[in-house]
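K.L.:
Here's the letter readout for the chains.
Number of protein chains: 4
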Amino acid sequence: MHMSPISVAVAGASGYAGGEVLRLLLGHPEVQIGALTAGANAGETLGSLQPHLVPLADRVLEDTTVEVLSGHDVVFLALPHGQSAQYAAALGEDVVIIDCGADYRLTDPGVWEKFYGTPHAGSWPYGLPELPGQRAQLTGARRIAVPGCYPTVSSLALAPAVVAGLVDTSDIVVVAASGTSGAGKAAKPHLLGSEVMGSMTAYGVGGVHRHGPEIVQNLGTLTDQPVKVSFTPLLAPMPRGILATCTAPVAEGVTLEDLRTAYLKAYADEPFVHLLPEGQWPATKAVHGSNSVHLQVALDEDAGRAVVIGAVDNLAKGTAGAAVQCMNLALGLPEATGLSTVGVAP
Amino acid sequence: MHMSPISVAVAGASGYAGGEVLRLLLGHPEVQIGALTAGANAGETLGSLQPHLVPLADRVLEDTTVEVLSGHDVVFLALPHGQSAQYAAALGEDVVIIDCGADYRLTDPGVWEKFYGTPHAGSWPYGLPELPGQRAQLTGARRIAVPGCYPTVSSLALAPAVVAGLVDTSDIVVVAASGTSGAGKAAKPHLLGSEVMGSMTAYGVGGVHRHGPEIVQNLGTLTDQPVKVSFTPLLAPMPRGILATCTAPVAEGVTLEDLRTAYLKAYADEPFVHLLPEGQWPATKAVHGSNSVHLQVALDEDAGRAVVIGAVDNLAKGTAGAAVQCMNLALGLPEATGLSTVGVAP
Amino acid sequence: MHMSPISVAVAGASGYAGGEVLRLLLGHPEVQIGALTAGANAGETLGSLQPHLVPLADRVLEDTTVEVLSGHDVVFLALPHGQSAQYAAALGEDVVIIDCGADYRLTDPGVWEKFYGTPHAGSWPYGLPELPGQRAQLTGARRIAVPGCYPTVSSLALAPAVVAGLVDTSDIVVVAASGTSGAGKAAKPHLLGSEVMGSMTAYGVGGVHRHGPEIVQNLGTLTDQPVKVSFTPLLAPMPRGILATCTAPVAEGVTLEDLRTAYLKAYADEPFVHLLPEGQWPATKAVHGSNSVHLQVALDEDAGRAVVIGAVDNLAKGTAGAAVQCMNLALGLPEATGLSTVGVAP
Amino acid sequence: MHMSPISVAVAGASGYAGGEVLRLLLGHPEVQIGALTAGANAGETLGSLQPHLVPLADRVLEDTTVEVLSGHDVVFLALPHGQSAQYAAALGEDVVIIDCGADYRLTDPGVWEKFYGTPHAGSWPYGLPELPGQRAQLTGARRIAVPGCYPTVSSLALAPAVVAGLVDTSDIVVVAASGTSGAGKAAKPHLLGSEVMGSMTAYGVGGVHRHGPEIVQNLGTLTDQPVKVSFTPLLAPMPRGILATCTAPVAEGVTLEDLRTAYLKAYADEPFVHLLPEGQWPATKAVHGSNSVHLQVALDEDAGRAVVIGAVDNLAKGTAGAAVQCMNLALGLPEATGLSTVGVAP
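Protein chains in written order, with our numbering: chain V, 1 to 346; chain G, 1001 to 1346; chain A, 2001 to 2346; chain B, 3001 to 3346.
Among the hints, a few may not be true.
Cut-off 20 Å, straight-line C-alpha distance, at most; resulting in silico cross-link-like pairs (DMTMM-like, lysine to aspartate or glutamate) [unchecked claim]:
{"id": "1", "chain 1": "G", "residue 1": "1114", "chain 2": "V", "residue 2": "113"}
{"id": "2", "chain 1": "A", "residue 1": "2228", "chain 2": "A", "residue 2": "2168"}
{"id": "3", "chain 1": "A", "residue 1": "2228", "chain 2": "B", "residue 2": "3301"}
{"id": "4", "chain 1": "G", "residue 1": "1114", "chain 2": "V", "residue 2": "302"}
{"id": "5", "chain 1": "V", "residue 1": "228", "chain 2": "G", "residue 2": "1168"}
{"id": "6", "chain 1": "V", "residue 1": "228", "chain 2": "V", "residue 2": "113"}
{"id": "7", "chain 1": "G", "residue 1": "1265", "chain 2": "G", "residue 2": "1278"}
{"id": "8", "chain 1": "A", "residue 1": "2228", "chain 2": "A", "residue 2": "2113"}
{"id": "9", "chain 1": "V", "residue 1": "228", "chain 2": "G", "residue 2": "1252"}
{"id": "10", "chain 1": "V", "residue 1": "228", "chain 2": "G", "residue 2": "1302"}
{"id": "11", "chain 1": "G", "residue 1": "1228", "chain 2": "G", "residue 2": "1168"}
{"id": "12", "chain 1": "B", "residue 1": "3114", "chain 2": "A", "residue 2": "2302"}
{"id": "13", "chain 1": "B", "residue 1": "3265", "chain 2": "B", "residue 2": "3278"}
{"id": "14", "chain 1": "V", "residue 1": "265", "chain 2": "B", "residue 2": "3058"}
{"id": "15", "chain 1": "A", "residue 1": "2265", "chain 2": "G", "residue 2": "1058"}
{"id": "16", "chain 1": "B", "residue 1": "3228", "chain 2": "B", "residue 2": "3168"}
Don't read these hints as lab results, they were simulated from the structure.
Taking the hints into account, I'd like the entire structure generated from these sequences.
P.N.:
What follows is the structure, given as structure tokens:
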């Protein structure tokens, strides 16, 4: 346990991811919040941009520079894709850098370039400790890539069935509906309240969304079988939350009991992943603001498919909660420090 | 063309389906609205229950009885499942009966009994004129079963690919998010605004929702191949609308061009089904209150699947609009009379 | 009645007001839709911007110029404030120009300049036919200023009490909550769905909102007494609708019966203004998409105030519905042509 | 400071107020959660009713009886009105009882009986420590009445102006919009998501809402002048939050500076009441889930009225947060223990 407070800087404090990191850090007992930076909003008070962060209301945002970010124990990067490498290179190797962006998530340069269109920055330990094999990489790490929000819930929803060999990984279908904060705070007409309230739509259909290959990569670490995922993201009329419907053909003879047993076993010791009691289905409201992932599994015998429903808060466990959880692991703090399983409902 | 007004009764006028039938009938130039009936709400004014139906505000709801429903040219039944047969039997054979409920949708008694748990009432012409082969059955019919809301959009989203043999019908996955009005007006805690606003959830997962076999039945009329559908319904935080994500493996060599061509051809002459221009995705808001179905198709080459997104207003084209469309066909009126392709947005 | 179709142009067809004008015109039996213009969106299809307007999906927006707008019987202007005068001057005097913007609403140049900060363009007949004295000015008019959305509902909610001398007009308080479409389609961060869903806020507080003096002006036409209005607009998490709470001290001895009698009498012959039955309160959903205003009145005896609640669809009767109603009056068509009292609910 | 954990029971744990008390207690470092009781839901698990309260998911609700509630240091009552007296009488005088219901809020039996229609149970120290004079009554108290949600925000929004003599208390108007959770979890048709989403309505208009006299009572403790309040509650399409618009005539010569000074001074030492910087308006989202009240004040010179906007989370500071704050005061704990000023946004 650290005796002195951990000093933390947040780059991109004006956005949704940065704001959520700060919301969680304000409840973290070991942290002292240092520099807060922004791009176009530099010079403004945080209170004018994030009025819910009352204790930091008078803090003035600084420009995002290496100089400003230097001198902290931990730096959270909540920046547009492609900007992380410059800070990673310039900040000391001892500084814990937690990147909420995509830059270091994908291991395959070819896949990166296909989906992001820019040179590959590299890959860092992947901040999903509940995915088999990942936690050990994160403990004591100094560079961590926070997973995408869709891959978090989709991977956790599918992993136990994949690990246990209960499903055919070559024919997975994921349809996941996200709240609008997943699209960020940049003002675009199709994200106006007038457009999104009372409406559902799809986007990134047909295998073009950048989180698709990330799901494939995650599941690929769990099996030697080929992994194919048809991933369709939906935009739902709510500010937060993802509800993912994940389905795969079951192997011959697999029963619902087999599936539930695999999930119960896989997550028995995970504080943040909850398989709900039979008959109860995940709702995003139940995980609102929390670090929880709620799961439920069904077997469609006629269609021969397992169907797993997962709910996560895209900003919390889907981004900032994972980031804080990873910070805890990096620093050797208890993994759940400053994080809660309790949602804000209704 | 009828010279005198068509007299119409609506049974179940206090509910959402009945209310929407009335909303549309108020704009229908050939119709005179006769008896309005209800169950527990009999004796109340329509205005106290459906304040948006201003011209009928002072009408008092009567008990739903054969006597009250008699003497009309057309009777719309918007009743709980299982109640239609008694009226169908007692009303004259010349009366056009349009059943918004499920009683006469399924042709296979075994499937009916498996999913509904009651004796099969029989089957009537199926009120989805855009499904190949159905329109002829509806023209001049005196008994019509209005399709379920999910089957309407799912079937229309998949039919062209199935008919053209472009997809493998044995491995279809449909995930469809519905607004809450699809669950009806009965007050249940999980449908409270406090619960549903800002939240998404799933229900009827694992092949148990009653609309699943209806989708299978519809697609089965289009192909000799086996049809299997994994159907998952979601509850979305909006009052109206369904967004359906429908995906199936494509046959070897099928291109996006093949898919688009099939859809353009299939619906070229359909006034209510619109394949959107490439790059534009259906949104439920664009069909709000209209009789339109909006479709878009994509090809996920890595996953080897076609993905079709469909949007419909569950109460309009998904129920009441189809009902009025069927009435028009039954009576020999122009099919689109009193119906609009124009949504109420934003 | 015109024998040939009325040709209509809409300037500002890409915005919410212009879109709603088009939605209504598509259901108007006497109209032929001519030129559609836009600013930054010129060159795009209407379908890409207003996907709910299916019959016009392929129409390409033109630049807003006098030349393009010329040659129509009617021109609707749905433009930012300050742009109307140039078209009014250049288009012929016989052309009916209906301005959905504010430019010609206020009669007092000093008030205009105080609230809008630009030179006063003048004033046109005020398009609120239900306000005593206005309908006659609109019949056959060639220039009409469509009222603001808040003034429409607030003025109609207060007018009968003012005319009957039942309230003290020097101490009126109006608090009115609007859906977000009232703020237009320009992408601003505070109007993002992520910000507005699940949240209420206030804006333009303290007598600075431009619709305040318009309410004062309207009520001032009805009484010789001084008129003071404390007007506070709220932003509500819904795309459409205004709910206005309008309260004023009652004169000595005024009873609820007196109030109801005044309202019933005032609106007995108005097709679009509905005093609800006692015990029933206006809801914006009931007027969604319609040209109706729903009102209810109460008397708070302890506080000595009449409280009138009014609901209107800000885009329909609050803007585009009024515009079409005024066009009908201008052209001598039946006033309700193409307009409906029926809302789209739930 | 207590050395051993404080044992706490919650009666009414299945409802929204009870659930929010539990959410906060789960984050309170000094508390051990004991008996959880319910009415009709007794026998069910908390997880099936409040799935967001993960750590308590397996707890089974007991019947609400004196026996079950006995033996705790603190008992929170979150029961329907009229049920508190029986538990207050039977539980020991040393037990801290915090009543989230209305039973002990009003001091005047005649006012109670007029608005609630039942015999007056009495009055307890009023749990609004920020109201001048109240905190001292709460410190060490063993019986506390938690204020109503509307009175909390309205009283705090008006108190500084009243105390400073800046406004005329005989002509106050409050219009306050609440999220639907304020109406509780009982399933009623008008509270269905289908009805409330996208809609605003009013209720309890004309001085009949029970929170009106509570506001009058609170302000009456601050002035010798007569207090009259016209209070209109609105139902807004959001699950949580109240936005209150509070306006009163200003005394001759009062400036905006006078008003701001009064508010800054009044709340300088209050951790949970925040006067926002000039130009920034309260939004309910910024206080979502927090114990904060956000205020802003304006002066409408033309109307001669001060306008104060206040935002509160009706379930948090509006009910359960106040309840926990009062528990802290009763037990001599630091007042803010377990409470946060930080909202969950967006």
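K.L.:
Please go over all the hints and tell whether each is borne out by the structure.
P.N.:
How the hints compare with the structure:
1. Distance check on the hinted pair: residue 1114 (chain G) and residue 113 (chain V) sit about 50 Å apart at the alpha-carbon level, beyond 20 Å; violated.
2. Straight-line distance between C-alpha atoms of residue 2228 (chain A) and residue 2168 (chain A) comes to about 9 Å, which keeps the hinted pair within the 20 Å bound.
3. Using a Cα cut-off of 20 Å, the hinted pair residue 2228 (chain A) and residue 3301 (chain B) holds, with the two alpha carbons roughly 10 Å apart.
4. Taking the CA atoms of residue 1114 (chain G) and residue 302 (chain V), the gap is about 12 Å. The hint holds against a cut of 20 Å.
5. Between residue 228 (chain V) and residue 1168 (chain G), the direct Cα distance comes to roughly 17 Å. Compliance with the 20 Å bound is thereby established for this hinted pair.
6. A hinted pair counts as satisfied when its Cα atoms are at most 20 Å apart, and residue 228 (chain V) with residue 113 (chain V) qualifies at roughly 19 Å.
7. Between residue 1265 (chain G) and residue 1278 (chain G), the direct Cα distance comes to roughly 15 Å. Compliance with the 20 Å bound is thereby established for this hinted pair.
8. Between residue 2228 (chain A) and residue 2113 (chain A), the direct Cα distance comes to roughly 19 Å. Compliance with the 20 Å bound is thereby established for this hinted pair.
9. Restraint check for residue 228 (chain V) and residue 1252 (chain G): satisfied, since their Cα atoms lie roughly 16 Å apart, inside the 20 Å limit.
10. Proximity of residue 228 (chain V) to residue 1302 (chain G) is assessed by CA-CA distance (about 7 Å); at most 20 Å being required, the pair is judged to hold.
11. Among the hinted pairs, residue 1228 (chain G) with residue 1168 (chain G) is consistent with the structure: their alpha-carbon atoms are about 9 Å apart, no more than 20 Å.
12. This hinted pair checks out: residue 3114 (chain B) and residue 2302 (chain A) have alpha carbons roughly 12 Å apart, not beyond 20 Å.
13. Taking the CA atoms of residue 3265 (chain B) and residue 3278 (chain B), the gap is near 15 Å; set against the 20 Å cutoff, the hint holds.
14. Distance check on the hinted pair: residue 265 (chain V) and residue 3058 (chain B) sit about 18 Å apart at the alpha-carbon level, within 20 Å; holds.
15. A distance of roughly 18 Å separates the Cα atoms of residue 2265 (chain A) and residue 1058 (chain G); the hinted pair therefore holds under the 20 Å criterion.
16. With a CA separation close to 9 Å, the supplied pair residue 3228 (chain B) and residue 3168 (chain B) stays within the 20 Å bound.
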